[in-house]
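Protein chains in written order, with full-length UniProt numbering: chain A, 1 to 482; chain B, 1 to 482; chain C, 1 to 482; chain D, 1 to 482.
Honestly, the hints are just simulated from the structure, not real lab data. Accuracy of the hints is not assured; some may be wrong.
Note that the list lumps identical chains together, so a pair holds whenever it fits in one copy or between two copies.
[What the hints assert, rightly or not] Straight-line C-alpha distance at most 25 Å; calculated DSS-like pairs for lysine-lysine: (1) K252 - K82; (2) K435 - K179; (3) K165 - K260; (4) K260 - K118; (5) K259 - K296; (6) K137 - K193; (7) K193 - K259; (8) K435 - K82; (9) K137 - K165; (10) K137 - K65; (11) K118 - K179.
Number of protein chains: 4
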Amino acid sequence: MNKDMIHEQGEVTDKLREECGVFGIYDLDGQDVASTIYYGLFALQHRGQESCGIAVSDTHGPKGKVSSFKGMGLANEVFNEKTLESLHGDIGVGHVRYSTAGASTRENAQPLVLNYIKGTLGLAHNGNLINALELRKELEYGGAIFQTTIDSEVIAYHIARERVKTKSVEEAVRNAMKKMEGAYSLIVMSPRKLIGARDPYGFKPLCIGRRDNSYILASETCALDTVGAEFVRDVEPGELVVITREGIVSDKSMCLPRKKHARCIFEYIYFARPDSHIDGVSVYASRIKAGRALAKDSPVEADLVVGVPESGNAAALGYSLESGIPYGTAFVKNSYVGRTFIRPKQSSRISSVRVKLNALKEVVAGKRIIMIDDSIVRGTTSGRIVKMLRDAGAAEVHMRVSSPPFLWPCYFGTDVPAREQLLAYNRTVEEICEKIGADSLGYLEIDRLQELTDGLEICRGCFTGTYPMEPPKEDIRGDFEL
Amino acid sequence: MNKDMIHEQGEVTDKLREECGVFGIYDLDGQDVASTIYYGLFALQHRGQESCGIAVSDTHGPKGKVSSFKGMGLANEVFNEKTLESLHGDIGVGHVRYSTAGASTRENAQPLVLNYIKGTLGLAHNGNLINALELRKELEYGGAIFQTTIDSEVIAYHIARERVKTKSVEEAVRNAMKKMEGAYSLIVMSPRKLIGARDPYGFKPLCIGRRDNSYILASETCALDTVGAEFVRDVEPGELVVITREGIVSDKSMCLPRKKHARCIFEYIYFARPDSHIDGVSVYASRIKAGRALAKDSPVEADLVVGVPESGNAAALGYSLESGIPYGTAFVKNSYVGRTFIRPKQSSRISSVRVKLNALKEVVAGKRIIMIDDSIVRGTTSGRIVKMLRDAGAAEVHMRVSSPPFLWPCYFGTDVPAREQLLAYNRTVEEICEKIGADSLGYLEIDRLQELTDGLEICRGCFTGTYPMEPPKEDIRGDFEL
Amino acid sequence: MNKDMIHEQGEVTDKLREECGVFGIYDLDGQDVASTIYYGLFALQHRGQESCGIAVSDTHGPKGKVSSFKGMGLANEVFNEKTLESLHGDIGVGHVRYSTAGASTRENAQPLVLNYIKGTLGLAHNGNLINALELRKELEYGGAIFQTTIDSEVIAYHIARERVKTKSVEEAVRNAMKKMEGAYSLIVMSPRKLIGARDPYGFKPLCIGRRDNSYILASETCALDTVGAEFVRDVEPGELVVITREGIVSDKSMCLPRKKHARCIFEYIYFARPDSHIDGVSVYASRIKAGRALAKDSPVEADLVVGVPESGNAAALGYSLESGIPYGTAFVKNSYVGRTFIRPKQSSRISSVRVKLNALKEVVAGKRIIMIDDSIVRGTTSGRIVKMLRDAGAAEVHMRVSSPPFLWPCYFGTDVPAREQLLAYNRTVEEICEKIGADSLGYLEIDRLQELTDGLEICRGCFTGTYPMEPPKEDIRGDFEL
Amino acid sequence: MNKDMIHEQGEVTDKLREECGVFGIYDLDGQDVASTIYYGLFALQHRGQESCGIAVSDTHGPKGKVSSFKGMGLANEVFNEKTLESLHGDIGVGHVRYSTAGASTRENAQPLVLNYIKGTLGLAHNGNLINALELRKELEYGGAIFQTTIDSEVIAYHIARERVKTKSVEEAVRNAMKKMEGAYSLIVMSPRKLIGARDPYGFKPLCIGRRDNSYILASETCALDTVGAEFVRDVEPGELVVITREGIVSDKSMCLPRKKHARCIFEYIYFARPDSHIDGVSVYASRIKAGRALAKDSPVEADLVVGVPESGNAAALGYSLESGIPYGTAFVKNSYVGRTFIRPKQSSRISSVRVKLNALKEVVAGKRIIMIDDSIVRGTTSGRIVKMLRDAGAAEVHMRVSSPPFLWPCYFGTDVPAREQLLAYNRTVEEICEKIGADSLGYLEIDRLQELTDGLEICRGCFTGTYPMEPPKEDIRGDFEL
């Protein structure tokens, strides 16, 4: 490909990235589940647009007969009628994935499907292990080979090694969990069981649903709504649930005390779909609260509060409700910016932000605008959007950010640029404000975060540099290039 | 394809369809224009998602060397770096198209590119001729052959026949226009000229823009914004503009008196992008006005006003502003529903509306909701959305529609179901309300329409059955199946 | 595409190219014919590998309901189960095409399908009109538009114009034929009739077959064998046959006296499949005769006669039979060289001939070899093959060519390089022999050609520059670039 | 896919299948090797048409940076300019593969690329281990996971486990070879070495070539010819060769005495390309000898000897040379039957053999024909071809087969139908002859096999049921379905 051509992701750029979504289902009536998984992945697509896959197992068939299909792209692009119809099985697991550029390969698509001593396993994983390198090395010293660069393969190996010594697959998963450090929401499919596990800190979400005689595991409750299932409960941090013909069995032996939990706050602020509930807390309500908190802590006289679509809208509404300043729509977003959008090199003078967003002059002209976004990463996009509002005639542009300044790397599954590229790094709020060209700038106070989750414990690592567990000393990425 | 599988369009179904968008450009500095056209089509993508194409001509090259590329799908899907780079030319025309199912073929994709007595022509057309059948027959009796079922081919033929007798291509276009009855916003590219024409009634929009030394013609001003061009003016109803190296020449000899104009009101209500201005009127402002008018004419006591995304949002905001009832967001829309979304037959119990929309329970629960949508066509979707709100706990659901009841066919370029399938056909408002399960229902008063366009004359045919010109006696479609 | 990459055609390069094959069928029992056409095209694939298409019409359905599918590539690549099953109709026409690079576009793929005064027509054409430009101009002066650069469109127009004045489609075809000068074997499908026509000189072949209650028209008899049909007879030069429910009607009013016929001799020498019979003469037998004639006229002492695969093999066998020198196989051909074979630029030292052919050292080493090929065009390949034999240890290499020296352009449908690129142009046989590095070289004597066809009259234009009709003054190509 | 549609392989069906071809290269000058591997795979394409792949490593880059690309289809279909250009590395390995239907998946495509304790490995393997199941089980009991069903993964694991204990990768390969039983010609690429290994019985071929400063390993010498390399020598059965910057080092410690060798005789009879030499013996010469032997042992009075193309031609020539009966060409083969050929269900009356082969009536009619093929498997095709000759007028058809009757399964890498489907199973030669409808039938005498290889030892297992090593008790296939 011509390197002057740049493929950009569909969302307004300059955003953090969640890396995965998982979905599992066991239909005790023995019906095929592939199409339900497809819908589930579709509902979780915002968690990963790079690759996706489905693996199903037929509990009636020969033990360990797994059918799977994976590919690069959206669920809509990867699957068609034929592939979905060819996936026969009443137990299954699906995955959507985003990844950093280097390892964006078909080989790394999930679910991972493998044969081991007891037949087959399917694995789908959301999160990032901080000791994956050590776990890999340990296996390599034992003569293991790796065909991907994903943590799921390391996890699978450890499960397989434990399985040799244990009586059940869930026991093997439990023993493997004891070795795994970091963030993981995991779904494991064995020939007769569907297993869900969540790390003891609860970084990533995982919930349980039910539709008629089917049990479902999913990253977010919005996937349950989409497939017509009812929400049963969240998997607790550290919990292991095993779904069999006999129902659900829970193992909470690895759970930590509640105050050690460390949920990823960006699930609430940005990653999750607003119609999802995570650990009992409405994502939408969290964002409204963030907006209200901003209005309290960073008030400013203005005529209109607007959100940067889509993710800034809820916080903007919260700000409006708290401040009494009217809420408005300042931007039109082009909804046809797909996963990959070509930027031909001929037309360098065409702004990539302009292609995706346009300001509504009649709304903005002459007004003092409060513009809410969920975060500032590199800041380039924010600067362009501020300018777009000014070009449309805004009298003043006050930016408010519904999260604290982003300053440190994340080791638990969020894709973050190098520290030097973070706008907030080594800059005061005033300097940042000047950089983006706004009239004023306010961030969410770090003390407000706890409010957003109704008191549930969260991880503040990316704001404070203090992590719930010791981060790895060397960078954990980039070493496994195949 | 398995007929149990249903491909659905990306938008919430049950909507009217615009059929086309056009974009033309002439770069007097001689630069390649294909990538600018690509961006322009991308900005006009909401006007047609079925097929698209670009044709360019190199004014420096041998007379009549046209390069073109067309295909089924979105601009993003049809074009890639290679195809765009292969299109060399400083004058060009592009097209996006939606069509009824039967004629959805590659052959019918535009622009139409053809050779005739004076070299080559490229044509892109938005609208529908009501005398296309007569014009075809006339040509066929002269021995003409047709390779497509689109009006553009008929238009091209008439231009070619006139060209034999005239001194210039613009004269031929003018003569052809005299024969064409109905709706057309037309861009014609000849080896050295770019020509724009709009029918005397002004059904469909067409505007002129400029970027540096390039002149642009486009269906909507949002395309000018996207490519970084400034708005010059609208092409007037009945006007013919000719862009050459010497600049723009206008021919208004076919213009009608202003009160005979008949703009398509659905451009303002639903088709056009809200950031566009048509004939000087902001589309966004029209929708706000529609909402305000609804609040005045159909008031109801309630706790919250919400829009059915995306197109209902602006009217909802208008209703809120007028009524003082708070505006809110009741729905989350899955933005990954692409152009074609597979519905596997296994999963019939999964609601197709659910897949695309989900209600926010915390917003809706216990509230009396006013829900605004831009129109009701068959009504199936409206009914499902009302039910979704009730399932989410809404105490009451009052539907308001930002257009009058849709009752009659459109002959001028909008895709409408058969009359019997229109929910409003042969039903009172009360009956419709009961059918969709709402607590109350209000439509925009037909007298309010004129307000939306600040007094510009509009076509009310689909509401009243009275059209600005005599409609064809027999149905004008379906006769040309190749 | 990187221009350092060269796509080469699958056959050993440096060959003449036939431009088309046609196939038509009418099943009087009303069965679908698409799959039979598919097989027919497959059997005619050697006549054109660039694009292909099928159009069918349902005589039971609404008049003029034609379904068609066309694409770039082999029949195998263009069609799949779904597309074939979607083509319903009991009357149909198919086409395979090769073309010069410039006009190799999807638009130019055949059959041409069009609407005209009497419904629909499907056309498939093999050959080249020498007055196509004049016919085009004539139509353009009447206001016609052209969407392709193929002669079929010109033919279709003339048929349509005649149809206005005549009582039947066959009359219109006959009148159009009177205007057409040059080579054409033509199949026309109207809603209720299948029509075949062959130009009065008989340049290109066309035969009639029958399978049960189906009538078939095809370029070669091998297509009849493949679909299980029996050969009925050849369409005569100048004959028009009309197949309807009532059977076949023949119109020979345009036939010329036999001695004016001018069959393309390269059909016998190279283009046609050896298992075909053209006008009663076995193609295989022609090639054996050519080899025998070479043995008589260009004898040489040697140990082995070999053919350049595949087309040289039959003549080599003929030479062996006549001379008594043993026939052998000196080359292995890689049968996986597809339609397009990528030549990566990294590996310029890898010979493109080597990739396709390899010499059998144990056959060749120490031997005096007579190597037979069907023609020499540019001569580059011949030179490399001679060298390959020498590298494999051949003591002597004597080349014999089963056609006379190729010296003049063809205006009747064969793709020939510019005259300056023809090796024989302005060179003696001795100079050519030296150029290709052979020990001796012999061409077929021009007087022998008549023997190959058992006395049927042939065209000798490419050898003598004397054509059966006046060639066009200006070059007839390249003027119609769309 | 509609199950009434049958995809058939390109060759005349009813053939045995080789399962793989391998190619490796190390360019000591540091040039990219991907395009040379591509040509090499193209030359080996007859050994496997289902999937192929290339993996390269850059010895100058970071240790273990491997780039690879694999896919389903021919080399021509899988690779394009972009993918080849993206594969940077001066050491590389390639693979072509055919497999039984069940395991025909992208996951199983080779080369296998993996990370292990010492960086990366690339593996390409031709052959079949008879103790693969035991080796797998052994690993599984140690906690290993498997992501494919190919032996290469088992081999890679054992190499990795040995590597933990050894000083060099070649030592690890040697130790792994000691555990591997069965057929393997193996190429292993480590970050700085290219290793070739051949099992001690020499079932499958492997040779060494050189081009300038590059060393090459390939299944057949024809690949050396194609890439312009010279043949150096064969890898000996049981030999391990290690190519590094310092040159080639050989380890023959695992070689067996010559009389224990067991080359696959079908490499000579059918699999290998006739221009290849295996262990010093010309494949073409072997086939000529087989034909001569048939003429001696199964003489019959006849007018013409013909081969079933392509593989029967050489033996037919041999028969002709020995018997003095003229050699001829009775069949024309359609060379456009690709890897997959669609058989639409509409047209069941069209013979699939007819589509691929046609008889030349003028050659056959009235003649007594000896028809030579290389083997009879199920016999369905043979019967149809005999009938085709009779339909073309043959007076008599005498079939001769250039191998003995095929009666037993192969455990060493050839794909064979179940025993009950073998025509020769439980039938006398007379019964077989009657079944295929020939006038007489003769097989190659089993004692003649040794002559074909100039005395080199061969495996006769598929003819006699006596194998060079104990076959596995249970069937070794089908157990590893993922």
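Evaluation of the provided hints:
Taking identical chains as interchangeable, the C-alpha atoms of K252 and K82 are never at most 25 Å apart, the minima being 41 Å within one chain and 51 Å between chains. Taking the shortest alpha-carbon separations for K435 and K179, neither the intra-copy value of 45 Å nor the inter-copy value of 59 Å comes in at or below 25 Å. For the homomeric pair K165 and K260, neither the shortest alpha-carbon distance inside one copy (31 Å) nor that between copies (42 Å) is at most 25 Å. Within a single copy, K260 and K118 get their C-alpha atoms no closer than 35 Å, and across copies no closer than 38 Å, so neither meets the 25 Å cut-off.
Taking identical chains as interchangeable, the C-alpha atoms of K259 and K296 are never at most 25 Å apart, the minima being 27 Å within one chain and 53 Å between chains. Taking the shortest alpha-carbon separations for K137 and K193, only the inter-copy value of 23 Å comes in at or below 25 Å, while the best intra-copy value is 29 Å. In this assembly of identical chains, the alpha carbons of K193 and K259 never lie at most 25 Å apart, being 32 Å within a copy and 53 Å across copies at closest. Proximity of K435 and K82 under a CA criterion of 25 Å is satisfied in neither setting, with 52 Å inside one chain copy and 37 Å between copies.
When the C-alpha separation of K137 and K165 is checked against a cutoff of 25 Å, the pair qualifies both within a copy, at 21 Å, and between copies, at 15 Å. In this homomeric assembly, K137 and K65 come within 25 Å of each other (Cα to Cα) only across copies, at 18 Å, whereas the closest approach inside a single copy is 31 Å. Taking the shortest Cα distances, K118 and K179 sit within 25 Å of each other both inside one copy (21 Å) and across copies (23 Å).
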